[in-house]
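Below are the chains, spelled out letter by letter.
There are 2 protein chains.
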Amino acid sequence: MNVPAMKLHWSPRSPFVRKVMVAAHELGLAEQIRTVRTVVRMGKPNEELLPDNPLSKIPTLALDNGQVLFDSLTIIEYLDDLAGGKLFPPKPARFEALTRHALGTGLLDLLILFRNERDKPVERQTAEWLDSFAAKTRAVLDRLEREAPSLSATPFDIGHIAIGCALSYLDFRFADMHWRADHPAIAAWHAGFSARPSVRATEAVDD
Amino acid sequence: MNVPAMKLHWSPRSPFVRKVMVAAHELGLAEQIRTVRTVVRMGKPNEELLPDNPLSKIPTLALDNGQVLFDSLTIIEYLDDLAGGKLFPPKPARFEALTRHALGTGLLDLLILFRNERDKPVERQTAEWLDSFAAKTRAVLDRLEREAPSLSATPFDIGHIAIGCALSYLDFRFADMHWRADHPAIAAWHAGFSARPSVRATEAVDD
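Those protein sequence lines, which keep their order, are chains A and B.
Position 131, counted from 1, in the first sequence is what the numbering used here calls 129; the numbers after and before it change by one each time, with no gaps.
Position 24, counted from 1, in the second sequence is what the numbering used here calls 22; the numbers after and before it change by one each time, with no gaps.
This list has only true hints and no planted wrong ones.
Derived lysine-lysine pairs resembling DSSO-like cross-links, with alpha carbons at most 27 Å apart:
(1) Lys84/A - Lys89/B
(2) Lys5/B - Lys89/A
(3) Lys89/A - Lys84/B
(4) Lys89/A - Lys89/B
(5) Lys89/B - Lys5/A
(6) Lys118/B - Lys118/A
(7) Lys84/A - Lys84/B
In short, the hints are calculated from the structure, not lab data.
Hey, can you work out the whole structure from these sequences and the hints?
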């Protein structure tokens, strides 16, 4: 395949970056991507990132022809196209996969907000938001528990990547939630996900 | 075209719902969609929506065969497929369109957070977040100002819908920002967007 030089604005702990890197490993493209450590924070735009992405978000992929791609789904679809198409099933299964992707990515969006709120000084927290974030997280886990059999029966795709990375992030930042206790089926699925070489290759390591 | 019965969890003021409805009008499918008013709030999951979407987010599209689709991008791609394909250009232009879509949708995500923070009691606000949201919004507007000529030169697609709906939301919830003053080129583009029948048909009206 004809692969352009690619620079990825990257961070070892961003779950959205991890989605892209898991996909890149699954597609055999990880070695083609030059990663550049880029720190983004809710409370401070990264001035060096803004020319490539004015939202100051990662992942952001810059190609050597000057083209810049984001968000994670756009980047993964681009990489998938370079590799001949593996992670997006044909229609109509595509729409089920994209909805699973939206469920996993929506869980990540929710967990980022949850963590930002939880880590504030208590006098600035909004209690009903914390309750709401916890209730939605439970609702997603309960749904995933029911969907675990069909997730296991479906060839690995973009939906599995998003859901798997979201559950790994739950382990990483919400370990005290002990989500596996009440969700054995999706926990078993996640154990299989975590054993994939693409997932092991992208584990966050402490500095 | 063979169109299934579709129920859309909908709200008149959700900019993400509006993206879907603008697309439906552009595709000639608006009359086929039964809209159901569904209220979602950051601080309270909608219990009636959770069975269809455990994230408690709108838009969520339920088909008569029991299949449920979200988020807005997934729904629009599904509708576009039903209508024969109009709003997603062929590759490689597809990836530019998806990145513009991510820019517009990312601006919306940012503005929702901005509004939630701004509308809190001042003692619970985080000042650096408000500054950061404002700086990112300016960075996006400055980018759009530079991209206005290419936006005008490109056939109307999913990217235009997201950017247009985001700027309309800026008018609706951040009127005091007076974004047009420093951004005449993208303001002119937005005037053309706002004149489209699909956009006029989806204007929020007060109850």
